[in-house]
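Sequences listed follow chains A and B, in order.
According to UniProt numbering, the first sequence is numbered sequentially starting from 1.
According to UniProt numbering, the second sequence is numbered sequentially starting from 1.
Calculated from the structure, these hints are not laboratory results.
Treat the numbers as computed from the prediction; the structure is a model and nothing was measured.
Certain hints may be false.
Below 16 Å or equal to it, Euclidean Cα-Cα: the simulated EDC-like pairs (lysine to aspartate or glutamate) are [unchecked claim]:
| hint | chain 1 | residue 1 | chain 2 | residue 2 |
| --- | --- | --- | --- | --- |
| 1 | B | 8 | B | 26 |
| 2 | A | 54 | A | 70 |
| 3 | A | 8 | A | 32 |
| 4 | B | 54 | A | 26 |
| 5 | A | 54 | B | 55 |
| 6 | B | 103 | B | 32 |
| 7 | B | 64 | A | 32 |
| 8 | A | 64 | B | 32 |
| 9 | A | 54 | A | 36 |
| 10 | B | 103 | B | 15 |
| 11 | A | 103 | A | 70 |
| 12 | B | 54 | B | 70 |
Away from chain B, derived, C-beta distances all over 10 Å, residues of chain A [what the hints assert, rightly or not]:
| hint | residue |
| --- | --- |
| 13 | 8 |
| 14 | 16 |
| 15 | 52 |
| 16 | 59 |
| 17 | 75 |
| 18 | 76 |
| 19 | 78 |
| 20 | 99 |
| 21 | 117 |
Think of the CB as a built atom: it goes at the ideal place given N, C-alpha and C, for glycine as much as any other residue.
Number of protein chains: 2
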Amino acid sequence: MSLRETLKAIVETVEGGLGATVMGYDGIPIDEYLTDSGTLDLRLMAVEYATIMKEVGSAVEVLKTGELQELSVNTAMSRVIIRAINDDLFLILALAADGNFGKGRYLLMREAPAIGELLA
Amino acid sequence: MSLRETLKAIVETVEGGLGATVMGYDGIPIDEYLTDSGTLDLRLMAVEYATIMKEVGSAVEVLKTGELQELSVNTAMSRVIIRAINDDLFLILALAADGNFGKGRYLLMREAPAIGELLA
Chain A
1 MSLRETLKAI
11 VETVEGGLGA
21 TVMGYDGIPI
31 DEYLTDSGTL
41 DLRLMAVEYA
51 TIMKEVGSAV
61 EVLKTGELQE
71 LSVNTAMSRV
81 IIRAINDDLF
91 LILALAADGN
101 FGKGRYLLMR
111 EAPAIGELLA
Chain B
1 MSLRETLKAI
11 VETVEGGLGA
21 TVMGYDGIPI
31 DEYLTDSGTL
41 DLRLMAVEYA
51 TIMKEVGSAV
61 EVLKTGELQE
71 LSVNTAMSRV
81 IIRAINDDLF
91 LILALAADGN
101 FGKGRYLLMR
111 EAPAIGELLA
């Protein structure tokens, strides 16, 4: 399965899936898949969260609680789950506010290693 | 129940609970409860995450996805869940890496409004 197909499978498997993207910590997107449904600006979201992931990574280093694995941000209108793939890349999944958060987390945890290998 | 007792009840109800604190976005802690078990620096954690919550709050405003409700950060050694109480305060729960993340999220969601009223 190509990267685009993997992203599509994740988004379409999870209830409320809006889009998914693989992104570098340098803010450069690798690939993305977005449903037709949304007014979601996945590109802008990825750039904003690239900054946040770097900030959280630094905080986690200060706190000495081990490597950053996952960040999630829930707002009134969305659920965003971000999973570290390796030191360079992370995976973002955006869900509707009533999306299946637990399943989204599970799919990212399951797929992140495979995506890392695909891009190695 | 006092604020300290509420924090204690949360930490002791959730499997793997290490500590909880109520914190202002200005970085000033209101109260905290910490189990004996840990080497956890809850004070430092709260200060680091106060900064992160402000950053994420700004990102969420840019993205126009509604009010920030919850942030979670999972690392190799810990699960941290942060729940907004109101515009001034938030609630942090720290769990061990094998702690019950779902129950922690549920308890914070349930208790945040009551804590907000207690401090109003």
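Hints versus structure:
Distance restraint check for residue 8 of chain B and residue 26 of chain B: the Cα-Cα separation of roughly 23 Å exceeds the 16 Å cut-off, and the hinted pair is therefore not satisfied. With a C-alpha separation of about 12 Å, the suggested pair residue 54 of chain A and residue 70 of chain A falls inside the 16 Å cut-off, and the hint holds. Annotation: proposed proximity of residue 8 of chain A to residue 32 of chain A holds, straight-line Cα distance about 8 Å (limit 16 Å). Proposed proximity of residue 54 of chain B and residue 26 of chain A is contradicted: the alpha carbons are some 21 Å apart, above 16 Å.
The suggested pairing of residue 54 of chain A with residue 55 of chain B holds, with an alpha-carbon distance near 11 Å, which does not exceed 16 Å. For the suggested pair residue 103 of chain B and residue 32 of chain B, the alpha carbons sit about 19 Å apart, so the restraint of at most 16 Å is broken. With a C-alpha separation of about 20 Å, the suggested pairing of residue 64 of chain B with residue 32 of chain A is violated against the 16 Å cut-off. For a cut-off of 16 Å, the pair hint linking residue 64 of chain A to residue 32 of chain B is broken: about 20 Å separates their Cα positions.
Of the pairs offered as hints, the one joining residue 54 of chain A and residue 36 of chain A is violated, with about 30 Å between alpha carbons and a cut-off of 16 Å exceeded. Taken as a hint, the residue 103 of chain B and residue 15 of chain B pair is honoured in the structure, with Cα atoms around 8 Å apart against an allowance of 16 Å. Restraint check: the Cα-Cα separation between residue 103 of chain A and residue 70 of chain A comes to about 14 Å, which is no more than 16 Å; the hinted pair holds. At most 16 Å may separate the alpha-carbon atoms for a hinted pair to count; residue 54 of chain B and residue 70 of chain B meet this at roughly 12 Å.
With 10 Å as the threshold on Cβ separation, the claim that residue 8 of chain A sits away from chain B holds: the shortest Cβ distance comes to roughly 22 Å. Distance to chain B confirms residue 16 of chain A as a non-interface residue, since its nearest Cβ pair spans about 13 Å, more than 10 Å. Separation of residue 52 of chain A from chain B is inadequate, the least Cβ-Cβ distance of about 6 Å not exceeding the 10 Å criterion. For residue 59 of chain A, the condition that its CB be more than 10 Å from all CB atoms of chain B is violated, with the nearest at approximately 4 Å.
With a least CB separation of 5 Å from chain B, residue 75 of chain A falls inside the 10 Å interface cut-off, contrary to its annotation. Distance to chain B contradicts residue 76 of chain A as a non-interface residue, since its nearest Cβ pair spans about 3 Å, not more than 10 Å. Separation of residue 78 of chain A from chain B is inadequate, the least Cβ-Cβ distance of about 4 Å not exceeding the 10 Å criterion. Interface exclusion of residue 99 of chain A from chain B stands, the closest Cβ pair being 13 Å apart, more than 10 Å.
Separation of residue 117 of chain A from chain B is adequate, the least Cβ-Cβ distance of about 20 Å exceeding the 10 Å criterion.
When each numbered hint is compared with the structure, violations occur for hints 1, 4, 6, 7, 8, 9, 15, 16, 17, 18, 19.
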